[in-house]
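So for the sequence shown, our numbering puts the first residue at 6; every next one is plus one.
Among the clues, some could well be false.
[Claimed, not checked] Just the calculated beta-carbon pair ranges, DEER-fashion: (1) Ser402 to Arg369: 48 to 58 Å; (2) Gly446 to Val425: 14 to 24 Å; (3) Ile54 to Thr471: 31 to 41 Å; (4) Glu325 to Ser349: 16 to 26 Å; (5) Gly272 to Ile429: 28 to 38 Å; (6) Lys374 to Glu259: 51 to 61 Å; (7) Tyr246 to Ser375: 53 to 63 Å.
Bear in mind the hints are in silico, worked out from the structure with no lab data behind them. For glycine and all other residues, C-beta sits at the position ideal for the given N, C-alpha and C.
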Amino acid sequence: MKEKSEVTVKDADREDTNVKGLLKHYARNSSMHGVPSIVDTQLYRGRHIFWVIVVLVMAALLVTTIYVQLSDYYRYPTVTSVNIRYVDEDDFPAVTICDLNIFNKEFIQDMSNRTQMAMPHLTEITGIYHLVGKRLLTGLYKNAPPIGNKSAEEIVDTIFTQVDSMIKGTGLRCAWGDYYWEDCSAALTTRVTEMGICFTVDTLKLKKTKKVINPNPVSNALRGLSVLVTTSRSDIPYRLYQFEGFKVVLHDVEEDPLPQSRGFVVGANCSSEIEVSKHVRIGLEPPFKAFGGSTCVDTNSDKFVNPLKRYENYTKEACENECFIDYVVQTCGCRHFLHKGNESLCHIDRLIKCYREAEKDYYRGGTAKSECICPLPCKESTHKASISCAKFRATESFEKVVQNLDADVVVLHFFFADPVVTVIEQVPVYTLEKLLGSIGGQVGLFMGFSLITVAEMFELIFLLVTRGRLLHQERYHAEAEMRRLAENSKQ
6 MKEKSEVTVK
16 DADREDTNVK
26 GLLKHYARNS
36 SMHGVPSIVD
46 TQLYRGRHIF
56 WVIVVLVMAA
66 LLVTTIYVQL
76 SDYYRYPTVT
86 SVNIRYVDED
96 DFPAVTICDL
106 NIFNKEFIQD
116 MSNRTQMAMP
126 HLTEITGIYH
136 LVGKRLLTGL
146 YKNAPPIGNK
156 SAEEIVDTIF
166 TQVDSMIKGT
176 GLRCAWGDYY
186 WEDCSAALTT
196 RVTEMGICFT
206 VDTLKLKKTK
216 KVINPNPVSN
226 ALRGLSVLVT
236 TSRSDIPYRL
246 YQFEGFKVVL
256 HDVEEDPLPQ
266 SRGFVVGANC
276 SSEIEVSKHV
286 RIGLEPPFKA
296 FGGSTCVDTN
306 SDKFVNPLKR
316 YENYTKEACE
326 NECFIDYVVQ
336 TCGCRHFLHK
346 GNESLCHIDR
356 LIKCYREAEK
366 DYYRGGTAKS
376 ECICPLPCKE
386 STHKASISCA
396 KFRATESFEK
406 VVQNLDADVV
416 VLHFFFADPV
426 VTVIEQVPVY
436 TLEKLLGSIG
446 GQVGLFMGFS
456 LITVAEMFEL
466 IFLLVTRGRL
476 LHQERYHAEA
486 EMRRLAENSK
496 Q
């Protein structure tokens, strides 16, 4: 009997060493719900089958739920969060002002007659040029004497030599926040754009010139910036028409104003009240879809490299503008004297022949325009303006002064009507942490699965891998031992 008992114990030990034994041992002691019931004592007929079905059904539901969650995760859904904060001095936009006439009389008079006649070809508004002025201007230009050695470089030189006189000619005066009228040259930047010379007033520079013991940023932003501008009324030779007013662009300080693609117009001889509101849009970079279902580019990322060669800061408008300039350079072999770049400038005669044709071909929807891909930046600030204007009713005394000055006067007052900035931000519905937490909750709900269960599985795999090679040898020795014990018991 003793020998028989020893055989039974050894058989049980051997059973634990083979694969079947390991699987049974894991199943009996598993922390996963339902699995121990499959191999446990059969309290009633069909209990094992019942729990096998239950575990399989729960596993199928779990796989389906995880599949749905992962599918939703890889669609990268987002929600939009709208927040507001109080406005600050730093939120006040830079203000760029451009004369709609592009060039004044003094500038044109420094050029030859043929160059003066050429300027409308290159500076008139596209629609008016093609619909009205092309035949008239072409006829005048053909009958003009040749330019000779006059080059586009000389025109550009004339532009820059006129900058100082044009600044003084504007009579630009500013009043910022709680400060009274003063010369705002300290905050003034001049730049050559497609609308000629424009002036940018940066209030951040303006406030640095003042030392205030108790500054009030919100109050300054609400009171805003007032600008007084005067411009000459002199007739400009060979232009089809003249404007009485200015183009105004509100933009971030580091951005190029690009007055031809944004901004608003204010008339001359009037006082304009301009209510400013600021909106900040923050989208998510790929693989998420930004606002409108398109992708955006994170210009604030350390990995971002500005693809533009002509503009220091990336914007969608600057990218589109660079595409057009590249097409003009490719078509003409040189660039317009008002365009940014390092390419050689076109001679006026060359520019007259190719620039307008290149412009027409590009904006008619050619392949060059369709191949220009300019995604929106993920973070972008926009400044909206609501404008009201009251014309001056000049008294007799004032009219005499204006006539003596031969100038138009514009008063602009920019201010925040509402002391808040609206921030619209995309937020991902799922993050990796949320996804893992959700899947972990579903696994626990359907299967009672936990990290302890994972550890048990790794242990089982480890035992199977490390001892699996010895199972056949152990089985051989076990059978040999059983035969030996059987022979001894017979004896």
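Q. Per the hint of 16 to 26 Å, is the separation of the Cβ atoms of Glu325 and Ser349 within bounds?
A. The hint (16 to 26 Å, Cβ to Cβ) holds, given that Glu325 and Ser349 are roughly 24 Å apart.
Q | Cβ separation of Ser402 and Arg369, checked against the hinted range 48 to 58 Å | A | At 54 Å between Cβs, range holds.
Q. Would you say the C-beta atoms of Lys374 and Glu259 sit inside 51 to 61 Å of each other?
A. 27 Å, violated
Q.
Just to be sure I understand the hint, the distance between the Cβ atoms of Gly272 and Ile429 should be within 28 to 38 Å; is that true here?
A. Check passed, 33 Å falls within 28 to 38 Å.
Q: Starting from the range 53 to 63 Å, see whether the pair Tyr246 and Ser375 falls in it by beta-carbon distance.
A: Taking Cβ atoms as reference, Tyr246 and Ser375 lie about 33 Å apart, which means the hint is violated.
Q) Using the C-beta atoms of Ile54 and Thr471, is the stated range 31 to 41 Å upheld? A) 33 Å, holds
Q. Would you say the C-beta atoms of Gly446 and Val425 sit inside 14 to 24 Å of each other?
A. 39 Å, violated
When each numbered hint is compared with the structure, violations occur for hints 2, 6 and 7.
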